[in-house]
Every structure is written in C-alpha cells, then in structure tokens.
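A.B. asks: The whole structure should be built from the sequences, with the hints applied where relevant.
So the sequence lines, in the order shown, correspond to chains A, B, C and D.
If you read the first sequence in our numbering, its first letter stands for residue 1, the second for the next number, and so on.
If you read the second sequence in our numbering, its first letter stands for residue 1, the second for the next number, and so on.
If you read the third sequence in our numbering, its first letter stands for residue 1, the second for the next number, and so on.
If you read the fourth sequence in our numbering, its first letter stands for residue 1, the second for the next number, and so on.
Just so you know, the hints here were simulated from the structure itself, not pulled from any lab data.
Ideal Cβ positions, reconstructed from N, Cα and C, are used throughout, including at glycine.
Only some residues are given here: those of chain B computed to face chain C with a beta carbon under 10 Å: (1) G588; (2) C589; (3) D610; (4) S639; (5) D643.
This is what each chain is made of:
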Amino acid sequence: MQEVKEFKPNIVAFCCNWCSYAGADLAGSSRLSYPADVKIIRVPCSGRVNPMFILKAFEKGADGVIICGCHPGDCHYNTGNFYARRRMTLLYSMLDYMGIEKGRTRVEWVSAAEGAKFSNVMNKFCGDIKELGECVKLGDIRCKD
Amino acid sequence: MLKIGVFVCWCGSNIAATVDIDQVVAAAKLQPGVVMATGYQYMCSENGQSLMRKAVEEYKLDGVVICACSPRMHEATFRKNAQRVGLNPFMVEIANIREHCSWIHKDKEQGTIKAIALANAAIAKVSLNAPLISGESSVTKRALVIGGGIAGLQTALDIAEAGFEVDVVERQATIGGNMAKIDKTFPTLDCAACILTPKMVDAASHENIELITYSEVESVKGFVGSFKATIRKKARYVNEKTCTGCGLCMSKCPSKKSKNEFNLGLDNRTSIFIPFAQAIPNVAVIDPQSCIKLTRDKCGLCQSVCEVKAIDFTMQDEIIEREYGAIVVATGFKPIEVDAFDELGYTQNKDVITSLELERLMNAAGPTGGKLVKVSDGSHPTDITFIQCVGSRDCTSRGKEYCSKICCMYTCKHAMLIRDKYPDINVNVFYIDVRTPGKNYDEFYRRAVEDFGVNYIKGQVGKVYAEDGKLIVQGSDLITNEQIFIKSDMVVLASAIEPDPSAKKVASMLTASIDTNNFLTEAHAKLRPVESPTAGIFLSGVCQGPKDIPETVAQAGAAASKVIGLLVKNKLVTSPCIATTDELLCSGCSNCFNICPYGAIGYEDKLINDHGIRETRRIAVVNPALCQGCGACSVACPSGAMDLLGYTNKQIMAEVDAICKR
Amino acid sequence: MQGLEKKIKDRAIELLESGKVDGIIGWEKGQFIYDPTPAVFTKETGLDNFCYNNFCGANLSKYLVGKITSDKKYAVLLKPCDTYSMNQLITEHRVNRDNIYIIGVGCEGHLDVEKIKRNGISGITGVSVDGENVNVGTIYGESTIAKSDVLLGKCEVCRGNAHKISDELIGEELQTPEASDRFEMVNKLEAMTAEERFAFWKGELSRCIRCNACRNACPACTCRVCVFDNGRSGIDSKANASEFEEQMFHIIRAFHVSARCTDCGECSRVCPENIPLHLLNRKYVKDINEFYGEYQAGEEADQRNPLVNFGDKDIDPTVISDKEGN
Amino acid sequence: MHNNNLKDEVIRISGASPIKCMKCGKCSATCPSFNDMEIAPHMFVDMVVKGRIEELMASNATAHCLSCFACVERCPRGVEPANIIEAIRVIKLRKSGSVQLTPAQIASVIDTEIPQQALVSAFRKFRK
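C.D. replies: Here it is as structure tokens:
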C-alpha cells in the first residue's frame, strides 16, 4: 500500500502594511490559527501589488495567491486599494478567460481589527486551494506536444 | 555580495516552543551571502541588541535579518540599533516568525518549515537592499490661510499666537465671511457680531497677521515647507492705507441701485461702499460694474468729497508673490440656490425667503433694522412656516445627497426667536427628522417646542401657492396621516449648504483632493481630520464638510496646531522609502502622474545621456517631500522605470521566489 | 483607390516642396502589390515609390514615437482607426503634436493577402474593391471574391470612417466596411468551459516564438525599454528559461496596454504565427466596458483611462474568484 | 401575508426603489388625490418595503391615483411612488379574471376604431 502524502499547498499572501499585515499580527496575538502554508509578504499598500508579482509566484510554484488590503475607502494612501481593486478584477478575469482556475487568486479586504477575519479568510482560501490541488496549468500552457 | 548576519529570536518560549531555532539558524547559514547566524533568547533586550552590534563589527556585516516578532513592534528598534554601529538602518529586515508563525501554528515541524521560508525571504530581500538616506527639506516659517471667515480667522489667530506669521487671503472686501451675516447663534442665542467682530479686530491688529482682502490666490507651486503662492489683489480703487472709513463718499454717491450683497439683495447699496458697519478693513471699495466714473467716465463725486484723497480710479490689480511653509484652506460654504424647487415658489413669491435672508431680516443692522416684516409689503406677519431639508438629503439634481447638519438647529433658533419677540406669530416647522446631536442642542429644540410653542409637523411640503393674499403651504402630516393646508404670511426655506464654489479651484491648485460634493477630503476620516492628503495642506471649517460654529472653531484650532507643529521644525525629514524614476527607462507617459494621490510626481525636460545618445526627454520626477511611498505609481508604470525604494520590484520578486521554493 | 493614391501623392509632394513638413510617413511599394511597407519619404527620396492600396493596413502612428525628440516636422497618413492610436500617443506624451501634420486618409477596408491566398488565388498583380466584392487580378487572369471573406481581421470590426484627429482629410468619403460584433469571439470563448478555454489558449500560445513583433507593432507598447528587457524589473528575460514565460509575457503585455489599447488589431496582424493576440486585449476592453462603463481609448486626447481612475462602488475581484461555473 | 414574490414583482415592474425612501412624506404632501386614497402614496412605498402587497391590491386607492407623477417629480430620493402604484395596478389587472383571449382570438373581436396606443397599452397590461 502506498502512503498518500497530504498535499501541502504553497500560498503567498500579499498584505498591506497598514491594515491587513496588522490584521495578521492581531490574528497571531489572538492565537487564531490558520494553515502554515500561508506565507505573508509585506507591501506598503495593496496598490503596490504588481500583477507581475502574482504571475511570478505562480511561475515559481505557488498554488494560490491572495492579496489583502484595507477596506475600500479606508486606504492609508486614500486610493491605493481602489486602483488595486480594478487591476486585480481585470487580471483575475483574464486568468479565468485563459482557463486558469479563478479560485487560485483572491482579494480580501481585512482591517487591522479583523484578526478573526484574517484567520477565517486564510483557512477558507487554503481549503479552496487544497481542493484545487497543485497548480499545473499556469506552468503548462506552453507545453509543446 | 553583501555579508549578511541572521539573528533568530526565541522570544522566550513564544517562538522557541513551536519553531526549532537551531534548524532555522542552520538553514539560514546555507543561504547565499549569510556569513553568520545565531539564535538568542530575547533579541530586543539590551543584551540581544549588543549581540547584534558586536556581530556587525566582528563580521563587518552589510545586512542584518532579525527573525523575531512583527516589524510593527521592533523594526524601528533594530534599525536604530544598526545606526548606532554605523550600519545603514535600511539594511535591516525583519522576518515575522512570531505573530505570523509561532503563535498560530501548533505543529512544530510545520512551524519550523514556515519560519525557514520567512527567514529566507527576508535574506533574499536584504541581499538586494541598498542603503537609503533620509532627505531633508527646509521650512518657510509663514502660513497662508485661504478664506477670512470664522474658520480662517481662528486658524490665523492661533498660528499667530504661536509666533508665526500668517497671511489671510479673503476674496471679499472684508473679512468675516458667512458668520458676519448671522443674527444670533445657537444654542446660546448670543449675538454673532458680538463674538465675531472682536476676533476680526484681533486678527487685524495682530502683529503676525496680514489681512489680504479683496484678493484671490491665483496659483500655488512647490510643496510642504516651501510653497510659492501668487495672489491677485484686485483693484478696489480706494487706497486702503489712507481711507479712514468715514463714509462721506457713500453718502454722496449717486449710483444707489446696486444689490447689497451683504443683505443678500434685500436692499440696495451705493457703488462706492463699505460692506457693513464693522467691516475690516473699514475701507470703502468701488464696484466697477456700476460705478458711473468707471463705466462711463462721468461723475467722480466721491473723489472730490474725499478729504484724504484716498480714491484712485486708475488703480490696477496687484500681484503679490509670497512663500509659505503651510497652507490652510478655509473657503467655507454658501447656501445652495433654491430656484429649482419651483413647487416652493421662491422665485414667484417675495415672502418665500431663505433662512439666511431671514437672518438679515431679524438682524438689528439689517435692511429693516431688525423688525421682522413681510418682504412683499412691509406688513407684520402673523403666520410663518418653516420648511426644513430644502435640498439636503436630496439625491436628485436639484439638491445634495448629504445632510447639511446645521439647518435643524438654526431653524429651531429662528422659530424660537420669532416666538420670543412676536408671541402673536404662529410658527410651524415642517421636518423630516430633527437632528440635534450636540451639547445642549436637543434641550434647545425641546425648549422651542415646550416653552415657546413652536409647532413641529412631521412631514414635507408638496407646494406653496398664493391665495387671497396669503401663502398656502400644502404639506403632509405623517403623524395624523393628513394632507394639511397652512395659511402663512411668510415661508422660510432651510436651504442646504454647499462648499463655496472657489473650493474646487483652490483644491486643484493645491493638488488637494475633493469628494463628489466638492468638499475637501481629509487625510484620514478619523485620525487625520484636519489635514489634506497632500502634505502641508490643512483644512479648516466647512470646506471639509458641514459644520456649525463651535465645530468650525474647534477644527480651525486643530488645523492651526498642525500648522504650528510643522512650522516649528527647521527641517523636514523625508522618508527614504519613496518612488524613484530610472531616467533611462522613463517614457514620460504620465501614467504614474495620473495615479499619484499626493501630486508628488512632476515632469521635467531633462538632458539624458542614453548610452551616448544625448537628447532632451520628458522625464517623471518624484518630489521626495511629497511622496509617501505607497507605490501605486510603480505598478502603473508599464516599463518598470518607476520603482519604490525599500520595496523594489526586484526585492518583492526575490521574496516571492524564496517563499515559493519548495 | 488609385485616384486616391494620386491625390495623396500630389498633396505630399506639395507639402514637402513648400517646406511645411520635412518628411512624410506613408507606405512604400513592396516587391508585390500586397506587401507595401511603412516608409519615410523626404525631398531626397521623392515619392516615386509611394503607394496607397488595399494592403496598407499598417498603423503608422507608432512610427512617430521615434521622432519625439526630433526637431523635424513630419506628416503622417492615418486611416480612421489609426487616429485612435494617435490620440492615445498624444495623451501619453509619446509624440510631439506640434511637429506632426496629420493627414486623414479615406479607407474602404484593407485586405488580408493570406486570406486571398487561402482561397486558392495566387500570382496577385492587382486588386480593386467593387462594392461587396473584390476583383483580384492575377497573372492567370481575374477572379472575384467576396470582400467580407478577405478583410483584415481588424477591418471586420471597423469602427467607421470618422477620423478622430486630423489636420486635413483626403478621400474621407470612402465607405468603410460594415462592422460585425467585435466581441463575438470573446463571447464565444467565455461561453466555453474552462478546460476548453485552456485548451484553446494552450493551442494558440504554444506557437509563440517570442519574436516580439506584437510588441513592436503595437502603438500602445511604446515604452522606451520594455519591462521584459529591464534588468531591474525582476522579470527580465532574453531567452525563455521556463515554459511559463510566454504566457506571462502575453498576459502582462495585454495587461500593460489594457485601458490604453485602442483595439487596432496590429498585434494579431503582424503575428507570424497567427496567434489571435487581439482576443486578449479585447477581453480587457470588454471587461472594462462592462465593469467601469463604456470606454474607447483614443476617442479623444487627454482622457483619463479607467486603470488610473476608480469609482468607490467598483465591483470587487471576488466577483470573479467566486463566479459560478468553471 | 408578507409576500416577497409579489414584492419582487412590484419592484421589477415598477423599476422603482422603495428602500431608498427616507419617509419625508413629500409624495403625499404633493398628491392631488390624497383625500380619495385610503392608502396614501407614502404608505404605498412603506407597505411595499414590508411586503404587504395583497393589502395594496385589495385597496381601491390605486383607482384614485391620477398618475400625475407629481410625487415622482418631487421625491428627493428618487423613489418613484407613482410607478409603484402603477405596478400594483398592473399586477391587479394581470390577475383579474382567468378568462383571457389568446393573441389569435383578438383579431376577430377587435374594434378597428380603437386607437393603436390603447391596444399596445392593453397588451402590455394584460399579458400574463
């Protein structure tokens, strides 16, 4: 009998410094657990997240990428998350259009007070990614046959 | 390659209990560039910090990674520590292995794997770090206040009291603004002039305040600490310095048919005039539109009677250029035009008036000497109906979506004052909601109802029409569920207020943002309510949102304290984590310029030497004093010419890389 | 069409002779009638080799980007659809409007020689459009073919014969072709299952040879240095190190021109592998129209494009992530 | 009693947004038929929000609304009460009587003198 090894997804979370990173800190200090598969990269603002970062993550083997920012209207820089919202909507729609599982990308608005939300979001996202399994499509589109 | 040191904090058992410190240290040592790695019980303790300093010296480290708690806790601590030993503070990166790892993962194996990934990401990032040096910019110790109403004056007085020079630019010929027109103030019913005019005098006589009236700011260049403003001082045709305000010219002026703006057109004034008795400066001004001398080159009577020879028909606009460290916007408000509400008949019936007009009619210095009479025939009214929310909370094109905030209280005040002075007058008030949050405000409203017998009707008015010499107000009473018809002599409309039309122009001049209603936007709705997102621009009074007088004065003082806090500095330290342009790559396409929330990006025609090709190109230039480091521009830039120091594209990609490696 | 060519030529000579412009950017005769190439004509070169026929589909607006620092003045020939690109370039300060003289030329739709050849016609010596048909002269005689069958892809979705910007017009009375719904193929793709879509794009993109023709022809791709050539971008690449890089390239390429793309169709026209790259751009156009209101890049100069703009009630990306179906 | 299907239908047919109502009463203040309507316009709006559609349908108030649109014109929140009343009327009409003509039967019974407009409007109102 072969032992089935549990799939451990690789998940990158971009968190804005002012709301979501602090929300993640709060989740930590409240000991609200979520899977260790989520690794957080601190960015000043969700508006700093370049679509290239997301694709790069997938290229390098990420199975899911999630972007967390301040709630729309609460951006520390006033407008950053508004721009992020448009960019990510379009990018995700494009990935979907190319047949890539849209569930692998996500944007969530998490404030500094929403430690519980952060943990819930990550638990849910990890679950979704586990269901989707390893990300092969993004690296696969140009397989010559 | 940089020499990097890695320090892994146990944080007692906070980290060490779920993360195998030794494994993290061992893994770190394998990373390129890492010359030393060690664990320590409490890195933030003095012992831990000295451990780091010693290692920096011993191994000649160029970069340091601390694997510990959140950077929001101790990043500043460790960066300061680096500085103590001569290492650039921005060569220190934190891997958050407590809040983001040890505290949430109970499985030690998983926790350790993640801690290693996070440490590797920080190592990858720091190896691409470059020393960053904070910039400095100077501060011109002078403030500009745009608007000379109660907000602007209060701000100016507070700044001046702190010892800084302030210029107040006022578009009208006198300072005072809307408050000067008001009769009494709620909830205390003290007279507005009695509390405002002393402030006006204080401002005029203050050695640090210069009042630049009858003037408008034409353009503003520069940035926080060093703004350059161009102010146009309109020709008033009267020498401000010599005019004594005796008023002789006014009594002789034959052109008497101009609408008196101060009394909202309820009476007329002469072409040469002083706006009102307590005007400051108490100097006449000539209205060039109606002056016979200026329009038809005849008359000149005023010039001949003026004993001090103050009148000069050849006077030209004057341009003043000044430098300022901070600018306060206090452009205030105006009531909206109610002409569009044709069902209320403002344009058809003289006895339908606005609340501000009622203020003038009740004011002892107003057109009727304070005697409340019908505008149409000067007779005594016996029934007066007030209509609230005219244009407020109105989503149609006629009105404003927001609540104007002050109308409930001033309507209540009017009703009370009328009932007090003329007990024979019946007063009805149509309301949707009566909103009275504020100290002693609801008590005030209840007094109007209980002690003064003002009749409040929950409902709105469908139409106002004239019948048999009376105005009929047709409205609904939602409590009794009736349609009612009230005979009235006068109808008073509580018109909504809107930002002064100049606010939009001022905001765009200052690159300060405005909302859809043209109110200026604050930097943070809760935490920075008196600052504009644009550094060095502050907000005072109603230009930021509807406010009553006490709130305006409070905000004016708050704005002043922010200005003082800025002007008291000799140098402004600018964050080094700002956007920067690669001149060789920049195409000058303006994408970054369009997206910047701070107006920090400008364009210059620069001579570029691009691998031997010398040419002048349009290049984006970031102003370090304005850039706040959000990085939106670096994403808007398609070529990657714009990048954010401290969070460069390459650094973030390196982190992604390190994290995704399996 | 020949009459129009003569008219343009005469006017061009007049402009050069009078010194009003120093050069004309137009099309030069190729070896065959169907391969004219963009060229700069000056007093020195003369206009003997100038041509304007039904194969001049190339959008010439981009050729002015290289002239931005030049103090010479150029006239450029723009078809109606090309003027959108010109407006967009002006908006982005990529051309110097003061040194450009725009001659709007009439258009009756341009032809795709590959499509003609696919109909078994070869040895082409001349074409003339006659209403709904095209008469193709060949060394073997004349044949007639329906115009709608041989139009360039971009002309099938023509946006009409109005020039959005010009200094003068020549032959503007020509009737542009009837347009079909430009989102037809995008809709079709959207209606497929994710697997079908994936298979479609895998099939298409696997042909990419990274020749960068799409990037070079695109009038919105005008960066001085492309992000994929920028050593500091973190994604620069000369040769592809991984299979992933083409798709990343195409997604990013389309993303970078989204909201700035005028949907001129040059990317697909020039692709040697016939990859329908415009379908990526057009997806962004469609999404932007649906999510943020109708927007046509280059409709006028100095518009603020939807990606450097926002609304406080914009839709949330979770609408895409949580979309029903696959 | 609270029929949400009917409520949705009213909202769909009318295209109005009763939830935007801030209960100012201006619609009723301006209504020329107020005294004839047992349910005043502002009550219509509120009752739709609460799903009390059957009561509205049972009431004769719809018959008294003149469709003068003064309430629509003057509502500061864009609620469009007259359109809501009209929607109730339409629903009432569509439910009235199960015996209806099929399109094919119409031609034989039609009076050629009937204005086209009336026909079109009848089609719109009575279609199921």
